Amino acid sequence: MINLTVNGKSVSVPEGATILDAARKLNVKIPTLCHLENIHKTGSCRICMVEVEGARTLQASCVTPASEGMVVRTNTERVRESRKIMYELILSDHPKDCLSCSRNKSCELQAVGEIIQADESSYEGEKSKEYIDESSPSIVRDAAKCILCRRCVTICNEVQGVGILNAQDRGFASAISAGGKTLLGQAACTNCGQCTVVCPVNALHEKDSTQDVWAALANPAKTVVVQTAPAIRAALGEEFGYEAGTLVTGKMASALRDMGFDHVFDTNFAADLTIIEEGTEFLNRIVGMLYQKGAISAKKIDELGLHRNVNATIPMITSCSPGWIKFIEHYYPGQLGNVSSCKSPHMMLGALAKSYFAEKIGVRPEDMYVVSIMPCTAKKYEITRPEMVNGGVANVDAVLTTRELARMIKEAGINFEKLADGGFDSPLGLSSGAADIFGSTGGVMEAALRTVYELVTGRQLPFDKLHVAPIAGFERIKTAELVIENAKEEWAFLNGVAVKVAVTSGLVGAGILMNEIKDGESLYLFIEVMGCPGGCINGGGQPRPRDEKAKEKRMAALYREDEGKKIRKSHENPDIVKIYEEFLGKPLGHTSHELLHTTYTVRGRHGAAN
Amino acid sequence: MSNNETQCGCCEINENEKFSLLRQTIEKYEAKESNLIQILHMAQAIFGYLPENVLITIADEMNLSMSRIQGVVSFYSLFSTQPKGKHTIKVCLGTACYVRGGSKIVERIKELLEIDVGETTKDMTFSLEVMRCIGACGLAPAIAIDDTVYKRVNPNKLRQILAQYE
Chain A
1 MINLTVNGKS
11 VSVPEGATIL
21 DAARKLNVKI
31 PTLCHLENIH
41 KTGSCRICMV
51 EVEGARTLQA
61 SCVTPASEGM
71 VVRTNTERVR
81 ESRKIMYELI
91 LSDHPKDCLS
101 CSRNKSCELQ
111 AVGEIIQADE
121 SSYEGEKSKE
131 YIDESSPSIV
141 RDAAKCILCR
151 RCVTICNEVQ
161 GVGILNAQDR
171 GFASAISAGG
181 KTLLGQAACT
191 NCGQCTVVCP
201 VNALHEKDST
211 QDVWAALANP
221 AKTVVVQTAP
231 AIRAALGEEF
241 GYEAGTLVTG
251 KMASALRDMG
261 FDHVFDTNFA
271 ADLTIIEEGT
281 EFLNRIVGML
291 YQKGAISAKK
301 IDELGLHRNV
311 NATIPMITSC
321 SPGWIKFIEH
331 YYPGQLGNVS
341 SCKSPHMMLG
351 ALAKSYFAEK
361 IGVRPEDMYV
371 VSIMPCTAKK
381 YEITRPEMVN
391 GGVANVDAVL
401 TTRELARMIK
411 EAGINFEKLA
421 DGGFDSPLGL
431 SSGAADIFGS
441 TGGVMEAALR
451 TVYELVTGRQ
461 LPFDKLHVAP
471 IAGFERIKTA
481 ELVIENAKEE
491 WAFLNGVAVK
501 VAVTSGLVGA
511 GILMNEIKDG
521 ESLYLFIEVM
531 GCPGGCINGG
541 GQPRPRDEKA
551 KEKRMAALYR
561 EDEGKKIRKS
571 HENPDIVKIY
581 EEFLGKPLGH
591 TSHELLHTTY
601 TVRGRHGAAN
Chain B
611 MSNNETQCGC
621 CEINENEKFS
631 LLRQTIEKYE
641 AKESNLIQIL
651 HMAQAIFGYL
661 PENVLITIAD
671 EMNLSMSRIQ
681 GVVSFYSLFS
691 TQPKGKHTIK
701 VCLGTACYVR
711 GGSKIVERIK
721 ELLEIDVGET
731 TKDMTFSLEV
741 MRCIGACGLA
751 PAIAIDDTVY
761 KRVNPNKLRQ
771 ILAQYE
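Chains as they are written, first to last, in my numbering: chain A, 1 to 610; chain B, 611 to 776.
Read the hints as simulated data drawn from the structure, not as lab findings. Any given hint could be a false lead.
What the hints assert, rightly or not - Among the chain A residues that face chain B by a calculated CB cut under 8 angstroms, a handful are: (1) Asn157; (2) Gly163; (3) Asn166; (4) Gln168; (5) Ala178; (6) Gly180; (7) Leu183; (8) Gly185.
All of these numbers come straight from a predicted model, not from anything done at the bench. Note that beta-carbon positions come from the ideal geometry of N, C-alpha and C, so glycine has one too.
Isolated chain A (complex conformation) (with noise of 0.2 angstroms):
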């Protein structure tokens, strides 16, 4: 342990902790401007700067090490000036329409100047060119309010792994890009939306979708639906100032009726059906592999009512995560077999709305209006392909990040706070404790093998409390093993079949897992990919924490909510078993082949502008 004194007080912290630790350890609040704890410490921005005794200049405390018998002081005269000149400084380049702005008291730089107190700017000078991109269909970026900081950097580059956005040029001209003339809609961008989360001011923000969605709820000849998805009710209640991992799943539903909403469905239903498409998807190709080395008859796979299929790869990617999905685009398209051929979740809830239940209610595909409340940027890239169209008309017309959708509920006037519970409309609605957890990473492949496994072997997965417990949590390449034993008579070819799987979350893991598939180095069968780290519960869209346990605390609420449920299978899900009765017949039949399934597209790695 190293001893130092800060303002006075003794404190020790361990060997390689910052000034700035052992402030916060000693309740001294230094005010931080770039810092982003556990990602982000490069001392750029020198709002943080402190005096240590003994050294000539003032020092930044999130980047220098505490060192023994070192005496500090964060509150002295030179100290606050010093904050103040940086302060105005970047003020004096940075537009001030706070009131205009939607990052208005949510502005990390606002909530500095509040402990600052600092004067209206004192510095005048050139300014930097203001340009607004708004080429992605995912993510805007308005160069005016950028603060340098360049916490995005980092989280593009070392976090993510996809470079895309970087400091470009030097001095007064730098600027944070997709580089040259590339615009961020041209780049190989994924549209992860990371960058939204971690930037401190305005500069990054998801494209707005408000506008559109309140004009479909005020025109009469829409039938306006909504769905959400299984991250939102775990995070929603931050925006409302509740603590992270609050489920506010009833008070959700309630406030999207009072919107004006005429059908308040729940995307965790298609995450059900997810996992009865893809999970057979999965035994196909399986059996397919078999089939191809021989292992088992032709006869033997159409007595399954599965298919023939010659050329199935293993191993096999989920497909929910759409920003996963065009990282594997640009950058492995030779693994694009691997990806299970399901739509994701909302995107299927959508082309079942316009089908299925549009057939119910007597409303033409074209005159509803399907909103998706997601806790992703991606997914509003996602709507826009054209792969998403059934019949002529878009599966999906809007998606709302869970920061919009806060937005929206506090425009209509809505007291959150006092919200009844309400609950989600037939047929589209119900859902399994299965789908809860599609939204943190390792749950879809707990949600499949709960019913895969039980599937083949008539038994539950042999797990406490169904939780597959090797492949949840934050590590990020996390496996399991299990193995087939007493498979029923008609799955007994399976007995002995280890199923070895893989679960990451962030796209550096997703690389990695990629490039052994690609050396044939791969020893799984089933691979889980969802492309923010943690899984959904941090999406790109979701409430920009204020709480550094907000993942973990939305993970466990997710889990809770799973296991409060009685029905925690799939399969066992009676809206689905009903949907395949009513309506799709069986699993990767026609109608689903054409409605629930979907084709990848390749692209290079350096995107469309190379």
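Position chain B relative to chain A; hints supplied.
What follows is chain B alone, placed relative to chain A:
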């Protein structure tokens, strides 16, 4: 390989040979990101400048994004994404040369060649750059054309100097 480092001879080799030379260079530097600046230097020596297709090749071979490479290229004024003329004129605007009329020299050259700083003449003969101190303060104002330094340059004599290169 080592020959090419000191004497590029690139005028004599064709595009394909240039790209194969570039790939060899990247391989020699083990495609390490920490060697990127050196690789870009070599690439500029081979091609004369850093056009987009060269940057794409570097990005692919080094498994880096274009944006990352463009970030480095745009940071250092020594790198150019525009083609260079046969001869590069560097006008010194270091303190000594500046006070002795360096900026007048720049203005005169701009007039004579009808180009701005950082540009190249239409016939690809001259590129114009400005430098901060070329270490010839005692000879101020100085300019350098390729490897030749001209001392105490009189703006009125510039036409004669340039004529030697046309």
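Item to check | Closest C-beta approach of Gly163 (chain A) to chain B relative to 8 angstroms, hint status | outcome: At 4 angstroms from the nearest chain B Cβ, Gly163 (chain A) passes the 8 angstroms test, so the hint holds.
Item to check | Evaluation of the interface hint that places Leu183 (chain A) against chain B, nearest CB under 8 angstroms | outcome: Nearest chain B Cβ about 12 angstroms off; hint violated.
Checklist entry - Should the interface hint for Gly180 (chain A) be scored as holding, given a Cβ-Cβ cut-off of 8 angstroms against chain B? => result Hint holds; Gly180 (chain A) Cβ to chain B Cβ min 5 angstroms, cut 8 angstroms.
Next on the checklist: Does Ala178 (chain A) hold up as a contact with chain B if the rule is Cβ-Cβ below 8 angstroms?
Outcome noted: Holds: closest Cβ of chain B sits about 5 angstroms from Ala178 (chain A), inside 8 angstroms.
Item to check | Restraint outcome when Gly185 (chain A) is required to lie within 8 angstroms of chain B by C-beta distance | outcome: violated, 14 angstroms
Checklist entry - Would the stated hint for Gln168 (chain A) survive a check requiring a Cβ distance to chain B of less than 8 angstroms? => result holds, 5 angstroms
Checklist entry - Hint check: is the beta carbon of Asn166 (chain A) less than 8 angstroms from a beta carbon of chain B? => result The hint holds - Asn166 (chain A) has a Cβ within 8 angstroms of chain B, the shortest such distance being about 4 angstroms.
Checklist entry - Does the nearest C-beta of chain B fall within a distance shorter than 8 angstroms of the C-beta of Asn157 (chain A)? => result At about 7 angstroms, which falls below the 8 angstroms cut-off, the nearest Cβ of chain B leaves the hint on Asn157 (chain A) intact, so it holds.
The structure fails hints 7 and 8 (numbered hints given earlier, in ascending order).
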